[in-house]
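S.K.: Could you slot chain B onto chain A? The hints should help.
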Amino acid sequence: MTAPLIVGVGPAGIRAAQTLVAAGLRPQVVDEAPASGGQIYRQPLQPDGRSAQALYGSEAGKAVDLHRTFDGVLGKIDYYPNALLWNLRDGQADLAIAGRAKRIAYDGLILATGATDRILPVPGWTLPGVYTLGGSQVALKAQGCAIGRKVVFCGTGPLLYLVAWQYWKAGVTVAAVLDTAPASAKLALVRGLTLAPAIVLRGLKFGFDLKRAGVPIYSGVEALRFGGTARVEGISWRAGGREHHLLCDGIGYGLSLRPETQVADLAGCAFRFSARDRAFVPQKDAAGRSSVAGVYLAGDGAGIAGADAAERAGERAALALLQDRAFPVDTARCAALESDLAKIEKIRDMLEAAFPFPAHWAATLPDDLTLCRCEDVSVGSVRQAVQAFGLTEMNRLKAVTRTGMGRCQGRMCGAAVAEVLAGACGREVAAVGRLRGQAPVKPVPLTLEAAE
Amino acid sequence: MSGRLSVDVAIIGGGLAGSSAALALRGMGISVALFDKGFCGAQASGVNYGGVRRQGRPPEQLPLAARAAGVWTRLRGLIGIDGEYERSGHLKLAQTEADMAALEAYAETVSGYGLDLQLMGGAALRKRFPWIGDGMVGGSYCPSDGHANPRLVATAFPAAARRAGAQVFEQTAVVGVTRQADGFWLETATNLRVRAGIVLNTAGAWAAPFAESFGEPLPLSRIYPSMIVTEPLPPLMDVNIGMEGGAIYARQVARGNCVIGGERGLVLADPDFSRPSSDGARAIMNRAARFFPALQHAHAIRFWTGTEGATPDKNPIIGFSTTTPGLIHAFGFTGAGFQITPGVGEVLAELVRDGHSPTPITAFSPARFRPARSPASPGLTGAQDQNNQQKSEQREGFPS
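Residue numbers (our numbering), protein chains in the order written: chain A, 1 to 452; chain B, 1 to 400.
Chain A on its own, in the form it takes in the complex (with noise of 0.2 Å):
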């Protein structure tokens, strides 16, 4: 029997490689990082002596048993780390592994492919120096660099006071942080007290330690511009009815996260249109299991809901994809990690009710401002398009403008191109669509050698 294929080695697809060689299986594990953890759980590229308390906070216990847990079933699975799955049909996944290409079949596919930063673009938002709030989090974990010596982290959602504090903690000035939700939106964190005490506690200490430090911490923030012209020099914005600004030399800039559906999209799955994250979703039922049979979906890819969810929604699917080949499976412990996945949902709410995305936003937009940077396109351009051709939905847009054509084919973009096109043509962003994923799921080499 050919083995399962599980796609990213987070949290979601560490604990599906446990479960299914839990249960004899030998799954082919493809990840495009070289070493274990996801985005969140992110090992150094070299051993560098940063302790796991430093490395990972509160969370560090989770992240070593983690690691740990892959590095005890690495014998038992088929692992190709620094391997791009770009495409995928009827079996088959197409591999890139250091400039050589490998085709692996598999039966049955669990897809734990993450998510990345949500961005709107603001002025000044491609200028050196800007980065996402998830690349300075890697650059800081990964590569043990920060992105500058005075850094302002700006946007909004759990992970902006985590990195914020993160690099303050690493010895980084961290200016100020910006947080583009108005403060009365916390009052959902009060509320979220009971539901969740550990996690409303530990985003408010993250606030509380960089106050203390005299982080400057503002809310309702508005008009986000980045200045400075060969590289990021500072930044502006509007609180409290004034205008503020800033010098620093590094950005940190995120509005909460998306998913990275490619995959999913490749595989067939049927999506349907998430209200909370704003983005569509490969649909899933409460085990994970996809619209398509054999295909299993865990972790943020199918919705956002962070690295807690992730874990228990790779044992979930695991065990789905066990339960559909017939193999016993434990039910109450299916039972119980589909409840705590419902339990998350809850807590996922009541963060998004406390980190708002600036919809807003989108209309207020520059003309001049790029929006797809990997085409050269602006804010205005696509306005224009909207008006000129009647365009209503993403993948016209896509066709006649460029955006979401180049180099990330939207992942970076989507987002905000969505919103775009929604205020200028008068829609909900439900409403616009989604661009249609395509192979390669990223760049590949045109000389990608022959596959094995």
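Just to be clear, a hint being listed does not mean it is correct.
What the hints assert, rightly or not - Residues from chain B that keep clear of chain A, each with C-beta distances beyond 10 Å, as calculated:
| # | residue |
| --- | --- |
| 1 | S6 |
| 2 | G46 |
| 3 | P59 |
| 4 | P63 |
| 5 | L78 |
| 6 | S88 |
| 7 | D116 |
| 8 | G122 |
| 9 | S213 |
What the hints assert, rightly or not - Interface residues of chain A toward chain B, partial, derived using beta-carbon atoms under 7 Å:
| # | residue |
| --- | --- |
| 10 | D94 |
| 11 | I97 |
| 12 | Q387 |
| 13 | F389 |
| 14 | P443 |
| 15 | P445 |
| 16 | L446 |
| 17 | L448 |
Please keep in mind that the hints were generated in silico from the structure rather than gathered at the bench.
This one's a predicted model, so the numbers in the text were calculated from it and none came from an experiment.
Positions of the beta carbon are idealized from the N, C-alpha and C atoms, including for glycine.
M.R.: Coordinates of chain B only, in the frame set by chain A:
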């Protein structure tokens, strides 16, 4: 939109043939309703490679291609944009002596059609196009050919038709057409009933059922041309490249991306959709890196395929229905429609207005596919059919 509508001409299919016909008809003051089951220009017209080439076409297509060439030079005036049309020239490469002999024979055959083909041997080729890798025996260059951006052109034609007064209905599938005493009646999936004196069947890969419903079975299969696109690269390819034998075709757009085609996509369970095959895409990529050494370190960032109607003799079906007065077909461009369809629109408008066109199109008559027992149409004998078949074999794999 539901309700009723009465027009002179109803057009089924908003690709380049249909939308350019709509625009031309409006220029004649004729009322038009254009229907597309999805978005106009979103199928083969908008997702093809973008070659604007006459070189390589069989002689019987060249008068129509010349007609279309005139449209391409007037594009901005017609549709408001240049569609990234560049008269870059089209260079067809020969890998072997036999390929070169075929290019020479072709040049001889079409010498009267004004293509001004320039044949060159390997040394001349290397001197003039140093970015082409070693190993080519020679090539044939057509200076007046070029390339354009199908996504833009196929979107701008229906938009221009709309501005000119055509009623354009997108996401409005025509689900039935009948001919009654007072003209054609079209039924749409949106419950619109349309009466029209004349119907143009320009439904591309979806056209055969409409013909069939009028007792006219026409042989239409589907092909799925497959392409890859590189990341933007410094300017390199200053001509549109074809290759005798069809291994590859390539062009570079102003943005810097190289668009490289070849091979076929894989059809999905719903035959309206296809995806590039991994092996096919890799084959195209590897050939590109071999033929154009500067691409050896480039990345492919995007693949695509599209659905296109194809005929057995690889010539389109253009002309009056053999069964139904007032019904005109124009489809089956077999991977080579992008250059000629803007000219087809003008020809169709003439057929509507005058009943004939000065541009010769008898070779494309639907009558050529009538069963053998039916009387053959004048000017198209079995011997010519066979001749066409042989020529089309030589042209295998040269989508425009």
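S.K.: Now tell me, hint by hint, if it's right for this structure.
M.R.: To see whether the hints hold, each was checked on the structure:
1. S6: Holds, since 24 Å exceeds 10 Å.
2. G46: The claim breaks: G46(B) does not keep its Cβ more than 10 Å from every Cβ of chain A (closest is about 6 Å).
3. P59: Given that every Cβ of chain A is farther than 10 Å from that of P59(B), nearest at about 34 Å, it holds.
4. P63: Fine: 31 Å to the nearest Cβ keeps P63(B) off the interface.
5. L78: holds, 15 Å
6. S88: Holds: least Cβ distance 20 Å, greater than 10 Å.
7. D116: The assertion about D116(B) holds, with a minimum of 33 Å to chain A.
8. G122: Given a closest Cβ separation of 24 Å, the condition holds.
9. S213: S213(B) clear of chain A: closest Cβ-Cβ about 29 Å, beyond 10 Å.
10. D94: holds, 5 Å
11. I97: violated, 14 Å
12. Q387: violated, 11 Å
13. F389: Holds, because the Cβ-Cβ distance from F389(A) to chain B comes to roughly 5 Å (cut-off 7 Å).
14. P443: With a closest approach of 4 Å, the P443(A) hint holds.
15. P445: Check passed: Cβ of P445(A) comes within 6 Å of chain B, closer than 7 Å.
16. L446: holds, 4 Å
17. L448: Since the shortest Cβ distance to chain B is 6 Å, the answer is holds.
Of the numbered hints given earlier, the model fails hints 2, 11, 12; all others are met.
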